[in-house]
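*Asks:* The chain contents come next:
Protein chains: 2
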Amino acid sequence: MNVKTLKWLGGIAGCLEIIDQRRLPAELKMLQCTNVKQLYDAIKTLAVRGAPAIGVAGAYGAVLSLKKPPAKASLKQALAILKRDCDYLASSRPTAVNLRWAIDRTVKRANAFVEKHPSCNLSQLRKIVLAEANAIFNEDVQMCLNIGKNGSNFVKNGFSILTHCNAGALATAGQGTALSLLYEAKKQGKRFKVFADESRPLLQGGRLTAWELKQSGIDTTVICDNMAASLMAQGQIDIIIVGADRIAANGDAANKIGTYSLSVLAKAHGIPFYIAAPSSTFDLKTKSGKDIPIEQRPADEVRLIGNKKITPDGIKIYNPAFDVTPAENITAIITEKGVLQKPNSRKIAGIFSF
Amino acid sequence: MNVKTLKWLGGIAGCLEIIDQRRLPAELKMLQCTNVKQLYDAIKTLAVRGAPAIGVAGAYGAVLSLKKPPAKASLKQALAILKRDCDYLASSRPTAVNLRWAIDRTVKRANAFVEKHPSCNLSQLRKIVLAEANAIFNEDVQMCLNIGKNGSNFVKNGFSILTHCNAGALATAGQGTALSLLYEAKKQGKRFKVFADESRPLLQGGRLTAWELKQSGIDTTVICDNMAASLMAQGQIDIIIVGADRIAANGDAANKIGTYSLSVLAKAHGIPFYIAAPSSTFDLKTKSGKDIPIEQRPADEVRLIGNKKITPDGIKIYNPAFDVTPAENITAIITEKGVLQKPNSRKIAGIFSF
Numbered sequence: 001m002n003v004k005t006l007k008w009l010g011g012i013a014g015c016l017e018i019i020d021q022r023r024l025p026a027e028l029k030m031l032q033c034t035n036v037k038q039l040y041d042a043i044k045t046l047a048v049r050g051a052p053a054i055g056v057a058g059a060y061g062a063v064l065s066l067k068k069p070p071a072k073a074s075l076k077q078a079l080a081i082l083k084r085d086c087d088y089l090a091s092s093r094p095t096a097v098n099l100r101w102a103i104d105r106t107v108k109r110a111n112a113f114v115e116k117h118p119s120c121n122l123s124q125l126r127k128i129v130l131a132e133a134n135a136i137f138n139e140d141v142q143m144c145l146n147i148g149k150n151g152s153n154f155v156k157n158g159f160s161i162l163t164h165c166n167a168g169a170l171a172t173a174g175q176g177t178a179l180s181l182l183y184e185a186k187k188q189g190k191r192f193k194v195f196a197d198e199s200r201p202l203l204q205g206g207r208l209t210a211w212e213l214k215q216s217g218i219d220t221t222v223i224c225d226n227m228a229a230s231l232m233a234q235g236q237i238d239i240i241i242v243g244a245d246r247i248a249a250n251g252d253a254a255n256k257i258g259t260y261s262l263s264v265l266a267k268a269h270g271i272p273f274y275i276a277a278p279s280s281t282f283d284l285k286t287k288s289g290k291d292i293p294i295e296q297r298p299a300d301e302v303r304l305i306g307n308k309k310i311t312p313d314g315i316k317i318y319n320p321a322f323d324v325t326p327a328e329n330i331t332a333i334i335t336e337k338g339v340l341q342k343p344n345s346r347k348i349a350g351i352f353s354f
Numbered sequence: 001m002n003v004k005t006l007k008w009l010g011g012i013a014g015c016l017e018i019i020d021q022r023r024l025p026a027e028l029k030m031l032q033c034t035n036v037k038q039l040y041d042a043i044k045t046l047a048v049r050g051a052p053a054i055g056v057a058g059a060y061g062a063v064l065s066l067k068k069p070p071a072k073a074s075l076k077q078a079l080a081i082l083k084r085d086c087d088y089l090a091s092s093r094p095t096a097v098n099l100r101w102a103i104d105r106t107v108k109r110a111n112a113f114v115e116k117h118p119s120c121n122l123s124q125l126r127k128i129v130l131a132e133a134n135a136i137f138n139e140d141v142q143m144c145l146n147i148g149k150n151g152s153n154f155v156k157n158g159f160s161i162l163t164h165c166n167a168g169a170l171a172t173a174g175q176g177t178a179l180s181l182l183y184e185a186k187k188q189g190k191r192f193k194v195f196a197d198e199s200r201p202l203l204q205g206g207r208l209t210a211w212e213l214k215q216s217g218i219d220t221t222v223i224c225d226n227m228a229a230s231l232m233a234q235g236q237i238d239i240i241i242v243g244a245d246r247i248a249a250n251g252d253a254a255n256k257i258g259t260y261s262l263s264v265l266a267k268a269h270g271i272p273f274y275i276a277a278p279s280s281t282f283d284l285k286t287k288s289g290k291d292i293p294i295e296q297r298p299a300d301e302v303r304l305i306g307n308k309k310i311t312p313d314g315i316k317i318y319n320p321a322f323d324v325t326p327a328e329n330i331t332a333i334i335t336e337k338g339v340l341q342k343p344n345s346r347k348i349a350g351i352f353s354f
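So the protein lines, in turn, are chains H and L.
Each residue of the first sequence is one higher than the one before, counting from 1 in the working numbering.
Each residue of the second sequence is one higher than the one before, counting from 1 in the working numbering.
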């Protein structure tokens, strides 16, 4: 996977370059975010998306924030700006917990550094925060590899795999979460084919998963979301693998709208249903799925495709970005730290004391 | 419902005017089919669609066919052309059985008339076939009303109803099948709201159901197909009502792709799942769902929305137009002749000896 979803360019005064995913698959264009507002908009409008990727992007957002205060600003002033900007960035997407997690980590690092070195200068602080963002980036790359290795055994030779939305290289700094299993299985010489749900309304499956799997030479067929059940009934799906945006303490998992539907259908057809996600996706403060805030997105995402209006004027639209799959529908959660079969509160609490 | 989905204009040399449903909801344009080829294309490209509507259209296709032979042609020649044209028209959509049923009925009527009146002229034959097509049209209007009356009791005051694709006025000569229940319930003063699956790939729900329900002032919200399960889990769906394109002798029903998915989800959530369809949708020669031919449609229906390409070049697409819902997932089938609770072979055989 040689997809550079995010890349920091330059030093402490640099910028974050991302693939503008709104333009894929029509064109591969890079977008440079030089300030916090630009990054907020890029995250909000899904130019960069995927829980791990927006976490990494958020961490670099802290670096962008620290470009703001003038050289003579006090550390206290700089930290206040950082705090405000980071809260602003975190508000761009409320469901994925990785964003908040990565941002909090950089802010915490900045505060700890200043506490320990009260006479440091702004430039030193900037370097520290950039180093932290780079660390988060590098850990994400490693996390993807480890998830792939931990889960590749679920991908057997000859399998047909269904996936939803995009939990691939385009959703992370590395080679993805759910799709990382496929990339690892391919390295091991396994042959398999993939059905990619197009994933309405924003078509991350049809646009992004199809695009990156095609880059990798993996046999991929795009279907409309409502066709998945029919394939299951025909015995054409062996396993389902998806990502997650937030996993509650009891194992309930929020992911792209349509995931819950697949989990119910999988159960009805006796098909294993796997979630692949880094441990930063777990939010132990959220007890169960019903406590996960579900982002409501603009009606125009359903109403318009390009400039084409596909519903009558004035009709109501319901457009939640996510739904929640209860733990009981999940065969296993694959993390970089290991595999949680039949996830529950006890096993999940265990992962944080590995 | 004052939607004129189909209308025969003029006498035996007339033409079939249809609403060009490919253009809805952007514009309400009429399309006049003056010959068999035009009508074939209109059915094939879904300018006119919906099992009952294409049945009525097919019947008028027989009238168009009989415009072809010159005045001095023999009756035998005319009947041969009619047979060939009707087979051609029936081949336009292989799944819906109403098309074949209506066409066969007009051909049979033509043959019976010639057999009884071997010295009749071509003009007389044309009149007989037009009368038969008009009869099919009028029966369809009445059928819609009766389905609505037979099923409206399932729509309770305060209900939220989910429907898929379009089984409304735009799918029939009258006020629809599934949606007829809603129109009748509205006449009875009931208040309810409707969630319309957009129904990828051709968006008959988002485009057509939303359009006609809005005309009728029924509270309607469009959702993407993959959002239905989430609404069910939230307790926001009381019943599901859809149409059908062919019902086998055992009650298995083919309908728009995505219907099977809803039936499985309905079962998992304890939600009643109704099919509304005329008795002409039943095909006793088809034993079960696995014997129903499923039409495969062009990849471009998934790949393109308007002129916008939404998948990468060269990616594979799977695009079946229908799926099959097993009888065991169907709470009841509502026909113009009565309601079949828990449909099975015995009850279905009974409907044809009412």
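It cannot be assumed that every hint is accurate.
Pairs involving identical chains hold if they fit within one copy or between any two copies, as the list cannot separate such chains.
Here are the computed lysine to aspartate or glutamate pairs in the EDC-like style, where the Cα-Cα straight-line distance is at most 20 Å [stated by the list, open to error]: (1) K267 with E328; (2) K290 with D41; (3) K76 with D313; (4) K37 with D87; (5) K267 with D300; (6) K267 with D238; (7) K316 with D238; (8) K214 with E115; (9) K186 with D219; (10) K342 with D219; (11) K285 with D300; (12) K7 with D41; (13) K108 with E301; (14) K116 with D104; (15) K4 with E301; (16) K29 with E17; (17) K316 with D219; (18) K29 with D313; (19) K67 with D104; (20) K76 with D104; (21) K214 with D313; (22) K285 with D20.
It should be emphasised that the hints constitute simulated quantities derived from the structure, not laboratory data.
*Asks:* Given a CA cutoff of 20 Å, do K7 and D41 count as a within-copy pair, a between-copy pair, both, or neither?
*Replies:* Result: close within a single copy only, 17 Å intra versus 51 Å inter.
*Asks:* How would you label the pair K316, D219 (within, between, both, or neither) given a Cα cut-off of 20 Å?
*Replies:* between (38 Å within a copy, 8 Å between copies)
*Asks:* Should K67 paired with D104 be assigned to within, between, both, or neither, using CA atoms and 20 Å as the limit?
*Replies:* For K67 and D104, only the intra-copy Cα distance (18 Å) is at most 20 Å; the inter-copy one is 77 Å.
*Asks:* Pop the pair K108 and E301 into one bin, within, between, both or neither, using alpha-carbon distances up to 20 Å.
*Replies:* This pair counts as neither: shortest intra-copy Cα distance 36 Å, inter-copy 50 Å.
*Asks:* With identical chains, the pair K186 and D219 could be close in the same copy or across copies; at 20 Å between alpha carbons, which is it: within, between, both, or neither?
*Replies:* Only inside one copy: K186 and D219 sit 11 Å apart there, 50 Å across copies, limit 20 Å.
*Asks:* As a check of your reading, is K316 near D238 (CA-CA no more than 20 Å) within one copy, between copies, both or neither?
*Replies:* Classified as between: cross-chain Cα gap 19 Å, same-chain 37 Å, threshold 20 Å.
*Asks:* Pop the pair K342 and D219 into one bin, within, between, both or neither, using alpha-carbon distances up to 20 Å.
*Replies:* Neither: 30 Å inside a chain and 41 Å across chains, both beyond 20 Å.
*Asks:* Is it within, between, both, or neither for K37 and D87, if the alpha carbons may be no more than 20 Å apart?
*Replies:* Within one copy, since 12 Å is at most 20 Å while 63 Å is not.
*Asks:* Between K76 and D313, at a C-alpha cutoff of 20 Å, which is it: within one copy, between copies, both, or neither?
*Replies:* neither (51 Å within a copy, 52 Å between copies)
*Asks:* Quick one: K214 to E115, C-alpha cut-off 20 Å, is that within a copy, between copies, both, or neither?
*Replies:* neither (49 Å within a copy, 62 Å between copies)
*Asks:* Is it within, between, both, or neither for K267 and E328, if the alpha carbons may be no more than 20 Å apart?
*Replies:* both (10 Å within a copy, 17 Å between copies)
*Asks:* Given a CA cutoff of 20 Å, do K214 and D313 count as a within-copy pair, a between-copy pair, both, or neither?
*Replies:* Between copies, since 9 Å is at most 20 Å while 37 Å is not.
The structure fails hints 2, 3, 5, 8, 10, 11, 13, 15, 22 (numbered hints given earlier, in ascending order).
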